[in-house]
Amino acid sequence: MALAAQKTQQTADDGTMEPGGTLLTNPNVKPAVAARAGEPAKMVSRQVSVFYGQKQALFNVDLDVPSRQVTALIGPSGCGKSTYLRCLNRMNDVIDNCRVTGDITLDGENIYDPKLDVVMLRARIGMVFQKPNPFPKSIYDNIAYGPRIHGMAHNKAELDDIVQTSLERAGLWNEVKDRLAQPGTGLSGGQQQRLCIARAIAVSPEVILMDEPCSALDPIATARIEELIDELRENYTIIIVTHSMQQAARVSQKTAFFHLGVLVEWGDTEQIFTAPRDERTQGYITGRFG
Amino acid sequence: MLNKPGDHIVKSFDEDLKHLSNVIAEMGGLAEAALTRAVEALVRRNSDLATQVVQDDKRIDALETEVGQMTVRMLALRQPMAQDLREVVAAIKIASDIERIGDYAKNIAKRAIVLSTHAPMKPAASIPRMSQLALQIIKDVLDAYIEKDAEGARAAWRRDEEVDEMYNSLFREMLTYMMEDPRNIGPCTHLLFIAKNIERIGDHATNVAEIVYYLVHGRSLDEERPKGDTTNVSIDD
Amino acid sequence: MTDAVLMTPVAKLRRPDLSEGRIRRRYAAERRFRLYGMLAIGFAVFMLGFLAITVILQGYSAFWQTRIVLDVNIDPAEIDPQNTRSPESLEQGNYQAVVRNALRTQFPDVTSRADRRELNDFLSNAAGDKIKRMVLANPALVGTTQHVDVLAADEIDMLAKGRIDRAVPEGDRPLKDQQIGWFDKLKQDGRIVSSFNVGFFTTGDSREPEQAGVGGALMGSFLTILTAIVLSLPISVAAAIYLEEFAPKNRITDIIEININNLAAVPSIVFGLLGLAVLLGFFGLPRGAPLVGGMVLSLMTLPTIIIATRAALKAVPPSIREAAYGVGASKQQVVMHHVLPLAMPGIMTGAIIGTARAMGESAAVLMIGMVAFIVDIPKSITDPATVLPVQIYLWADAPERAFVERTSAGIMVMLAFLVLMNAAAVVVRRKFERRW
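Residue numbers (this note's numbering), protein chains in the order written: chain U, 5 to 294; chain W, -19 to 217; chain F, 912 to 1347.
Honestly, the hints are just simulated from the structure, not real lab data. This structure is a prediction, so every number in the text was calculated from the model and none was measured. Some hints could be false.
What the hints assert, rightly or not - Quick list of the computed label-pair ranges, beta carbon to beta carbon: (1) U:THR169 <-> W:LYS(-2): 50 to 60 Å; (2) W:LEU55 <-> U:THR169: 52 to 62 Å; (3) F:LYS1160 <-> U:GLY155: 47 to 57 Å; (4) W:SER1 <-> F:ARG925: 32 to 42 Å.
As the list claims (entries may be wrong) - Simulated pairs of lysine to any residue, SDA-like, Cα-Cα distance not exceeding 25 Å: (5) U:LYS141 <-> F:GLN1017; (6) U:LYS141 <-> F:ARG1102; (7) F:LYS1242 <-> U:PRO118; (8) U:LYS141 <-> F:VAL1227; (9) W:LYS73 <-> U:GLU113; (10) F:LYS1041 <-> F:ALA1051; (11) F:LYS1072 <-> F:GLN1017; (12) F:LYS1242 <-> U:GLY291; (13) F:LYS1242 <-> U:TYR56; (14) F:LYS1043 <-> F:GLU1081; (15) F:LYS1160 <-> U:GLN275; (16) F:LYS1242 <-> U:GLU113.
Every residue gets a Cβ at the ideal spot worked out from N, C-alpha and C, and that includes glycine.
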C-alpha cells in the first residue's frame, strides 16, 4: 500500500521536475509572476523602453509593483534602474531628448496619457533622492512647501498639523520640534534625508520612489531610514533603487534585478537572494563575473 | 592570475568556499572509513580495531567544530548571498549529519567490542551487506556534493529505501532468533541496535542528499522521502 | 630575447625617487610659481596705486576753496538806489560793487584804473552772490558793515594753493608781481582763508573754475543710471529666465544666444549712434536727456545682465529643482520659488557690475548730446543733462589751470561712486547668499 503510493508520487514528481529555468531571458515572454493572486498591483509597466536620443537605455520592461510593499530595484551602475524609477513619476520629462515608450499605469490609469497633469501625478508619486536635498529654507517651510502649492491646508493650524504629522511619520519630530524655524540644511545627513522623506509624505502620495536614499549616509543613519521605510510600508507603496544588496534584502519584499537596460528577473526578495533563477542575477548577487 | 567566469571577484572568497568543501569531503571520508572499520571489527571480532574506531571519532568531531567556525566567519565577513549562502548553510548541516554518522559508527564499534566476547551469531552475516549499502549511499551523496550533482544526490536518496527494507528483514530474523533461544537475546539486541544504527546512518545520508539538492537548485526535495522502515507496523501486527 | 622579456610577467619594482635634489627642485619650482603670481599682483597694485596717488595729489585741493575775508559795507546807494527795501529792488542791487569797494579799502594807495581792474580780478564774479543771499534773507543788513568771506577768483585760489610758481618771469604767469604783493599783504592780514568746497558738490558746470561743480553731472548720472536699471533689469532677467529655463534648445535659441554674447562685445559708440539715429532721429526724444542716455545704456547693460543671470541660474544645483519637481511643483513654481531666489545674489552682482560699467560709459552718451555745456542741475529725466565721465572729459579739455584739479576731483568722485556700487554688490551677495 505504502509503496504503491510512493511510486505514484514519484512519477508525479518526475513530471513536474524542471531545472531552475529563467523566466525572462526572452524579452517577449511576459513574466509568469506578473499577476499574483490577492495582491493588487499598484503600478504596472508593460514594454517600457527609454531612449536618450538614439541610445536605448531601457528595453521592454514588464514589471508589476504590488501595493503597500517595498519593491527594490538592484543592478550594476548604468543598468537602467534609476532610469526606470524616473519613468514612474515622469521625472524624465525634464530631460531633453529623452523618450519613453510603452505603458505605465497607476491604479489602471496610464500615467503617460497626454491629458494627465504631470504635476498632479508627481503629487501622487513622491520622490526621495540620492543626495539629501532639502530646500535652503527652514525645516517648517521644507515640509509646508508641497501642501502649500497643492492647497492642502486652509489655515495655519491645518498646515502646522500637516507639518507635525509628516515629521512624526518620518521619525524626525522629536529631534526638530524645537527648531522648526532653523534651516533644513543645518541638519545632519541622515536627518536631512528623513526631512526629505517627510517632505515627500507631506503631500500624501500613494507611491514613494527612492533613488539610493542611503548612499550618502553612515550605517546608523541608514538603519534609521530602513526602519522608517519598513514603517511607511503600511501606508505607502515604496519603490527603492539601491546599490546595497544587503539593503534590498533587508527592506524589500519584492526585488527586481536590472542588467544592461533589461529587467532580468524579479520576484520575492527571499527567492532572489537565496535562489535566483537567472545566471546573471546569481552572478551579480554573489559577486561573480557573469 | 585572471578570474575565470563563475569565480568571485574577491578571490579569497572562492578559496574559503573551496576549503570548506574540502573539509566536508575529508569528514565524509573519515566517516566512511569509521563505518567500514567498525563493521570489519564486528565481523573479525577485533576489539583493538573497534577501540581505534572509537578513538578516531574525535577527529570527526574536531572537523565539525572547524566547519562551524569557518561558516560563522564567512557569514559575518563575506555576507554570502544566493548560491554562496546555500553553500555555507549546506556545509553546516552536512557537517552535522556526517558528525552523527561518525557517532553511529563509534556506537557500532563499541557494541562490536561487547559482541567480541560472545559467541558468533549467524544474523551478523547480513550486517556487512547492509553497511555496504549504506556506505555506497554515503559515497554517492558525498560525490554528488563535491560535483554539485543534484540528480546523483536524488538517486542516492532513493536507495535509502533498500537499507530500510534490509533493516526490516533483519529485524524479523532477530525476533525469530530471540524467540528460539532466550540466551540469544543479549547479543541479538546488540546486533539489532547495530542494524538500527546503520539504518540511521542511511537516514543521515539521505539528509545530506536533500541538502545537496537544495544547494544546487535552491528549493527542497519536497516529495516525501520513501519510507522503507515498516517495523512499527510489524510490531503493531 | 624579446620573447623572453615579454614572457617574464614580474615587472621591475619601481620606487618613487625620494632623493634630496629632486625634492629641492620641486620646492624651488613651487616657490618660483608663487613668486610669479606675487609679481603680477605687485605690478597691478603698483599701477593702480600710482594712478590713484596721481589723481589724489592733483585733485585733493579742489575740495578746499580759497576765500577772502572783507569788511563789507552794504551801501544802500549801490544795492537799493530807490531806497524801497523791496525784494524786487534788492534783487537788482550791484552786490559785486559792494565787495569791490570793500577790497579797495584794503589798498587805499591803488588808484589808477588799470591797477583797480587788476585788484578786481582778485574776486570771483560770483563773489557778490553771498552778500546778495545775506541781504535777501535779512534786509535789515542794508547800511551795515559785515565781516564776510567772499569767493576768490581761480588764479588767487591757485596762488594760495601754491600751484602758481612765483619764480616764473612775470609775463609767463597769470598774475603780475604787484598782484602777488597785494595777495601777500592780504595773507599777512589774515584775510586769505580756505574752507571746505561745498559748492563743488552742489553746483552745475561753469566757465569759471571756482564756480564749477559736479552737482549737475552727479544728478545727470543718477537719473541716467536709474533709467537704465529700471529698463534693463526686468527685461534682461526675464529674457535670461526664459532662455535658460523655458526656451527649447534649437537653432533659433542658439542664434539668439550667440547674438546676446556678441552684443556684450559691441563698442559703446555703436550704441550711441543707434540712440542718435533711432531715439533722437526717429522717435524725436529730447536731446541730451537722461531718459535717452538711460535707454542707450540699458541696451549696453542688457547683455551683461543676461549673461550673469543665466550663469547664476545655471549654478543653482539640479538637486533643488528635482526636489521641487518631486513634490509636484510646476515649472513656473520651481523657477519662481526656488531657482530665482537662489540665483538672486548672482543676478544682483551681475546687475550692479553691469550698471557700474554703464556709469563709467562716455562714448555712447556723447553721441546723444549729453556733452553740452549745462549749468542747471537736471530736475527730471527729460531735462538736458550731462554725466560724470563726460563732465570729467569736458573739464580735462578746458584751458584754465584751475580745471586740472577739478578734473582730478571729478575722477575721485566718480571712483568713490563706483567703489560704493561694487561694495553694494558685495553686501547684496553676502546678504542673499545661502548655503545648500
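Structure-inconsistent hints, enumerated in ascending order
Going through the list in order, the structure violates hints 2, 3, 5, 6, 9, 12, 14, 15 and respects the others.
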